[in-house]
Amino acid sequence: MNITQERRKVRGESVQFATFHVENLFFGIEAVRVQEVLRYQEMTPIPLAPKAIRGLINLRGQTVAAVDTRCTLGLPPHPGPGGPMNIIIQTDDGPISLLVDSIGDVLEVPLNSYAPVPDNVPAHQRELIAGVYRLKDRLMHLLRAERFLEVACH
Amino acid sequence: MELEEEVREFLIECAEGLVHLDQEIVQLEQSPDDKALVASVFRTFHTIKGTCGFFGFMTLSAITHVAENILDQVRSDQRPLNATLTGLLLESVDAIKAIINSIETTATEGPLDYADLRARLEFALHDMALIAAAPLPETTLPCTPTSTTDTVVAAPVPPPAPAAEDTEAHNRAACVDTTIRVDVGLLDKLMNLVGELVLSRNQLLQGTSQQDTSLLRTVQRLNVITSELQEGVLKTRMQPIGVVWNKLPRVIRDLATECGKKIHLEMQGAETELDKTIIEAIKDPLTHVVRNACDHGVETPEARLAAGKPAVGEVLLRAFHEGGHVHIEITDDGRGLDPEKLKLRALAKGLIRQDQAEQMDEREAIQLVFLPGFSTAEQVTSISGRGVGMDVVKTNIEKIGGIVDIANRTGMQGSTVRIKIPLTLAIIPGLIIHAQSAGEEHRFVIPQANLLELVRLEQDAGRTGIEYVHGTPVFRRRGQLLPLTYLNRVLCLEGEEFPTTPVINIVVVQAEERPFGIVVDGIFDTQEIVVKALGRRLKGLTSYLGATIMGDGRVALILDIPGLARLSGMASQGRDTRRLDNTTKKSGEDPQSFLVFSAGNYKRVAVPLALVSRLEQIESSRIEHASGRSVMHYRGQILPLLHLASLLNDQHASESMPDANAQLIVVGEGVRQTGVIVDHIIDIVEESVTFRRRSEHTCLLGSAIVGGSITDILDVAAMLTMASDSTQVTEARTVLVIGEFASCTSMHRSFLEMSGIRVCEAHSFEQALALAEICEPAAALLVSNNMPDNSTRFITVARNGGIALISIADKHTLPSDHFDANFSMNQREELLHFLTTMPVAAGSKQ
Numbered sequence: 001m002n003i004t005q006e007r008r009k010v011r012g013e014s015v016q017f018a019t020f021h022v023e024n025l026f027f028g029i030e031a032v033r034v035q036e037v038l039r040y041q042e043m044t045p046i047p048l049a050p051k052a053i054r055g056l057i058n059l060r061g062q063t064v065a066a067v068d069t070r071c072t073l074g075l076p077p078h079p080g081p082g083g084p085m086n087i088i089i090q091t092d093d094g095p096i097s098l099l100v101d102s103i104g105d106v107l108e109v110p111l112n113s114y115a116p117v118p119d120n121v122p123a124h125q126r127e128l129i130a131g132v133y134r135l136k137d138r139l140m141h142l143l144r145a146e147r148f149l150e151v152a153c154h
Numbered sequence: 001m002e003l004e005e006e007v008r009e010f011l012i013e014c015a016e017g018l019v020h021l022d023q024e025i026v027q028l029e030q031s032p033d034d035k036a037l038v039a040s041v042f043r044t045f046h047t048i049k050g051t052c053g054f055f056g057f058m059t060l061s062a063i064t065h066v067a068e069n070i071l072d073q074v075r076s077d078q079r080p081l082n083a084t085l086t087g088l089l090l091e092s093v094d095a096i097k098a099i100i101n102s103i104e105t106t107a108t109e110g111p112l113d114y115a116d117l118r119a120r121l122e123f124a125l126h127d128m129a130l131i132a133a134a135p136l137p138e139t140t141l142p143c144t145p146t147s148t149t150d151t152v153v154a155a156p157v158p159p160p161a162p163a164a165e166d167t168e169a170h171n172r173a174a175c176v177d178t179t180i181r182v183d184v185g186l187l188d189k190l191m192n193l194v195g196e197l198v199l200s201r202n203q204l205l206q207g208t209s210q211q212d213t214s215l216l217r218t219v220q221r222l223n224v225i226t227s228e229l230q231e232g233v234l235k236t237r238m239q240p241i242g243v244v245w246n247k248l249p250r251v252i253r254d255l256a257t258e259c260g261k262k263i264h265l266e267m268q269g270a271e272t273e274l275d276k277t278i279i280e281a282i283k284d285p286l287t288h289v290v291r292n293a294c295d296h297g298v299e300t301p302e303a304r305l306a307a308g309k310p311a312v313g314e315v316l317l318r319a320f321h322e323g324g325h326v327h328i329e330i331t332d333d334g335r336g337l338d339p340e341k342l343k344l345r346a347l348a349k350g351l352i353r354q355d356q357a358e359q360m361d362e363r364e365a366i367q368l369v370f371l372p373g374f375s376t377a378e379q380v381t382s383i384s385g386r387g388v389g390m391d392v393v394k395t396n397i398e399k400i401g402g403i404v405d406i407a408n409r410t411g412m413q414g415s416t417v418r419i420k421i422p423l424t425l426a427i428i429p430g431l432i433i434h435a436q437s438a439g440e441e442h443r444f445v446i447p448q449a450n451l452l453e454l455v456r457l458e459q460d461a462g463r464t465g466i467e468y469v470h471g472t473p474v475f476r477r478r479g480q481l482l483p484l485t486y487l488n489r490v491l492c493l494e495g496e497e498f499p500t501t502p503v504i505n506i507v508v509v510q511a512e513e514r515p516f517g518i519v520v521d522g523i524f525d526t527q528e529i530v531v532k533a534l535g536r537r538l539k540g541l542t543s544y545l546g547a548t549i550m551g552d553g554r555v556a557l558i559l560d561i562p563g564l565a566r567l568s569g570m571a572s573q574g575r576d577t578r579r580l581d582n583t584t585k586k587s588g589e590d591p592q593s594f595l596v597f598s599a600g601n602y603k604r605v606a607v608p609l610a611l612v613s614r615l616e617q618i619e620s621s622r623i624e625h626a627s628g629r630s631v632m633h634y635r636g637q638i639l640p641l642l643h644l645a646s647l648l649n650d651q652h653a654s655e656s657m658p659d660a661n662a663q664l665i666v667v668g669e670g671v672r673q674t675g676v677i678v679d680h681i682i683d684i685v686e687e688s689v690t691f692r693r694r695s696e697h698t699c700l701l702g703s704a705i706v707g708g709s710i711t712d713i714l715d716v717a718a719m720l721t722m723a724s725d726s727t728q729v730t731e732a733r734t735v736l737v738i739g740e741f742a743s744c745t746s747m748h749r750s751f752l753e754m755s756g757i758r759v760c761e762a763h764s765f766e767q768a769l770a771l772a773e774i775c776e777p778a779a780a781l782l783v784s785n786n787m788p789d790n791s792t793r794f795i796t797v798a799r800n801g802g803i804a805l806i807s808i809a810d811k812h813t814l815p816s817d818h819f820d821a822n823f824s825m826n827q828r829e830e831l832l833h834f835l836t837t838m839p840v841a842a843g844s845k846q
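Just so you know, the protein sequences line up as chains A and B, in that order.
One point on numbering: in the working numbering, the residue at position 82 of the first sequence is 82, and numbering is uninterrupted.
One point on numbering: in the working numbering, the residue at position 218 of the second sequence is 218, and numbering is uninterrupted.
Among the clues, some could well be false.
Covered by chain A, according to a simulated footprint, are these stretches of chain B (three or more residues, beta-carbon under 8 Å) [claimed, not checked]:
| no. | segment |
| --- | --- |
| 1 | 185-195 |
| 2 | 262-273 |
Negatives, chain B to chain A, calculated, CB over 10 Å [unchecked claim]:
| no. | residue |
| --- | --- |
| 3 | 106 |
| 4 | 205 |
| 5 | 213 |
| 6 | 254 |
| 7 | 283 |
| 8 | 284 |
| 9 | 362 |
| 10 | 404 |
| 11 | 440 |
| 12 | 477 |
| 13 | 537 |
| 14 | 541 |
| 15 | 759 |
| 16 | 796 |
| 17 | 829 |
These are computed hints drawn from the structure, not numbers from a lab.
The C-beta atom is built at its ideal place from N, Cα and C for all residues, glycine as well.
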């Protein structure tokens, strides 16, 4: 949370978040960072690459690395049929795809519903989550995307 | 905002003008009478002056104003252009460049006001009478006719001049009209889109093959158009090499003036086109090579005249296309490279050893300039001795897949630097191959640049073609041993360790001028592929160059061959493999291969090649010390090291390694591996040992005649014992290896011995029975499928004597329940484990 965001929070502003599910976790990422959302894409595995990098997908002529969120969060592999969905996000180093279980709605979330990560969240997961937004019916985890990719590509 | 846009336009315009200005002024110095050239230079100054005044850049305006006035005098023949004036003009150009740079970055003219330069320019402008008076009288005579005609036609001169200017301006305008500035990023994007279009076309072509003809016709037209479009987009990225060469005349002029040399630069093939990214990449290396040629190559005029050469030195730049590559040659007619001097220097710098220096021929000696930390100039000049040597040139060129080579010109004086670089980095031809792993098929691309040849082994050849030099697969390629690596193993793809298919595909590639073979599961065809970077996050993966998108829309990885070679543990610096063939065949019962090397006072020491698992050349800095021993981190293990020269000389020589590189012979396998540091590898000799004399030395078995000379034979077992921790030494056991053929049994013998097991060989059960009495084996290894004589008696004896029976072959005439254990040929580790851990049977006398 930086100062401008703090100020906006006081003003009662809200931000759009693209949401997705991984296992029973509900995540959000700033909608402006999301380039597009794709259904399951065929991937080319990269031998010797970090385990969380599941492969490369062809995004209209661009090769994009797909990062397995389950693996990075220390969860078991995706069991369901159909394979994971892709959320393409923009980073300094070009687009990256996050493989998630399913895609949720884009939500307008008031900034003042923010709360820091509870202390009892396991350390390795806590560093990947920037905070929690208290929605009406549930909690939305804010993904710390840069750190997340760093951990995944390690 | 609008103003900013205009300033940027002004900057671009200036930059365009300045590119030519340097070159034109230098040309002008050589041909001062070229009116068109003077006019062109004048015009550039004029344009800059006019526009910068409009923006209020006062310093810039002041400098260009005076420079323009001086040029005006030259243009109107009021004064000749001499070296002083040229120097002054070039200095002004530098000042203008600096100011423009400053405007570009800070939007101001910068802190310098160039008062000194302006004063000198002013002085030169008004001192015209002085300058004109001094040199003119000498040139009056030849000049008079022209000057008179000029004055005579003073009135008509203006009309033709503007006319000439007009046509030229027209030409220029035409030039400007046909070119347009495009962001490279946009071109990259276009390239991507065209790639996608090609893909869609391919899919369309497949889908429409059996449908109606009119659609087919349209698709085919689309096909042609797409191909042309792809070609066209590729061309947009191309630039003539002249773009880089343009600044070289100026560089050479400055250099020549500074060193008091006279150098003429000639350029051939400036129109040769190269990809924009490559142009960028070769800019610095090229400038460096040209600087070198001028600074170190071309001599001073006095020295040249003394050597019977013309005073003016020649530097020739040549570029041309050949075989999908661009060749650039930089030739000078200077003193060339002195191999002896280079050797001395390398010795002095500690880059090579004395014995290495003695063996080098001229070519090898010249290649020394590419070693890091090598600089040939006796005195470091401000021009080319800044620590950035030819090694940096080499690395930079190799980074873009190029090769650089330097040689003295045969039969002439001087030297030539040859650079060979690919046309483009964006699209490369590649061979599509595939590797199989548990049900999955992985496609990879091998860049054609690395490819040497393809070998396909079928049927018998497939089973026997691959041989093992102590566990390392090799292939005999036209009599030379080619190290092999299995692609699926290097990339850790799960699959069969040793494929059982009768067909073996070997892709012979070259990495760092050293060939090796990659065993793949299938070879498809070659294709032009578009290289896409893997991105920063995956930079750590040395095995890939990038990725590409195949015709079916899926991504395939491009293999980085040098990276793959390193990954598969191919020695970083290979020995000259041709030497492996210098086998001296002699009639003997059992020829054996020996590796001959030298260590300290022992000039010829040999070790059976079967006991050598690897030869490595390592940097001495990699040698570390742990609990008083020399060790090295080697393939994820701690490798104990023995300095053989010190051992042989009874610790006489110092343990320290003064040399940058150490030659390492790795013996043994697995945890018992040991590195023996020797001085020099001499040869590999294949022959039967004819004479043996026992040695008193613990490290040596004795002497024998190997390769015609008396040679000491290294005791590998002693080496292993010396290096290993006492806890690791297992109680020596004896194993009887029974097999019909000596080749078969000796193979097992070597690796068992290396693991500290005593071995007896028997070639029949009769012999085995006799040996069982003498050597009291703990186990018997049956390595043959079917032995001619009766095995029953031996088996009874073995059972009674508590000798464990182990089968190594796949099928036996004996039922398998006769054996205590079964192992396949590849299960060496398992076999060793069994042999070392099995309890000593009660009946055994051990």
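Worksheet item: Against which earlier hints does the structure fall short, listed by number upward?
Response: The structure conflicts with hints 2, 11, 13, 14, although it agrees with all the remaining ones.
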